[in-house]
Amino acid sequence: MLIIKKIYEEYKHDVFIYLVSLTKDASLSEDLVSETFLSAIKSLHRFHNEEQDKIKDKEMESIKDEEK
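Taking the UniProt record's numbering, the leading residue of the sequence shown gets 1, the next gets one more, and so forth.
What the hints contain is simulated information worked out from the structure, not anything from laboratory work. Accuracy of the hints is not assured; some may be wrong.
In silico lysine-lysine, PhoX-like type, Cα no more than 20 Å apart, as pairs [stated by the list, open to error]:
#, residue 1, residue 2
1, Lys-24, Lys-6
2, Lys-12, Lys-58
3, Lys-5, Lys-54
4, Lys-6, Lys-42
Pairwise CB distance ranges (calculated) [as the list claims (entries may be wrong)]:
#, residue 1, residue 2, range
5, His-45, Lys-6, 13 to 21 Å
6, Tyr-8, Ile-63, 13 to 21 Å
7, Asp-53, Leu-28, 36 to 44 Å
8, Val-15, Asp-53, 39 to 47 Å
9, Asp-65, Leu-2, 23 to 31 Å
10, Asp-14, Glu-61, 32 to 40 Å
11, Phe-47, Lys-24, 26 to 34 Å
12, Tyr-8, Lys-54, 19 to 27 Å
13, Met-60, Lys-5, 19 to 27 Å
14, Asp-25, Glu-61, 49 to 57 Å
15, Ile-63, Ser-21, 28 to 36 Å
16, Met-60, Asp-25, 45 to 53 Å
Think of the CB as a built atom: it goes at the ideal place given N, C-alpha and C, for glycine as much as any other residue.
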């Protein structure tokens, strides 16, 4: 969770400024920042699974290449 906190701390201001430029509403933008990062956290498992699948595919390719 420390990595997530670090990413949040590093990018929350930039995301906030961007959202204010779109919405012209600081309060709404604060809510959207929270929703944005929450959505990203909820999606991490998909990213992790996709990366694991890529590693598995590369390992299988290596095994097939060794068999040739």
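Hints versus structure:
Annotation: proposed proximity of Lys-24 to Lys-6 is violated, straight-line Cα distance about 27 Å (limit 20 Å). Between Lys-12 and Lys-58, the direct Cα distance comes to roughly 35 Å. Violation of the 20 Å bound is thereby established for this hinted pair. For the hint pairing Lys-5 with Lys-54, the CA-to-CA distance comes to about 26 Å; that exceeds 20 Å, so the pair is violated. As the CA atoms of Lys-6 and Lys-42 are separated by approximately 17 Å, the hinted pair is consistent with the 20 Å bound.
At roughly 19 Å, the beta-carbon separation of His-45 and Lys-6 lies within the given 13 to 21 Å, and the hint holds. Range check, Tyr-8 to Ile-63: Cβ separation about 39 Å, and the 13 to 21 Å hint is violated. Range check, Asp-53 to Leu-28: Cβ separation about 37 Å, and the 36 to 44 Å hint holds. For Val-15 and Asp-53, the hinted distance range of 39 to 47 Å is not satisfied, since their beta carbons lie about 29 Å from each other.
For the hinted restraint 23 to 31 Å between Asp-65 and Leu-2, the CB-CB distance of approximately 38 Å leaves it violated. A beta carbon spacing of about 38 Å between Asp-14 and Glu-61 agrees with the range 32 to 40 Å that was offered as a hint. The given range of 26 to 34 Å is respected by Phe-47 and Lys-24, whose C-beta atoms sit roughly 32 Å from each other. Evaluation of the 19 to 27 Å hint for Tyr-8 and Lys-54 yields a pass: the beta carbon distance comes to about 26 Å.
Taking 19 to 27 Å as the suggested C-beta distance range, the pair Met-60 and Lys-5 does not conform, at roughly 36 Å. Remark: the range hint 49 to 57 Å for Asp-25 to Glu-61 is upheld by a beta-carbon distance near 50 Å. The hint said 28 to 36 Å for the Cβ distance between Ile-63 and Ser-21, and at roughly 50 Å that hint is violated. Separated by about 50 Å at the C-beta atoms, Met-60 and Asp-25 satisfy the suggested range of 45 to 53 Å.
Hint violations for this structure: numbers 1, 2, 3, 6, 8, 9, 13 and 15, all remaining hints satisfied.
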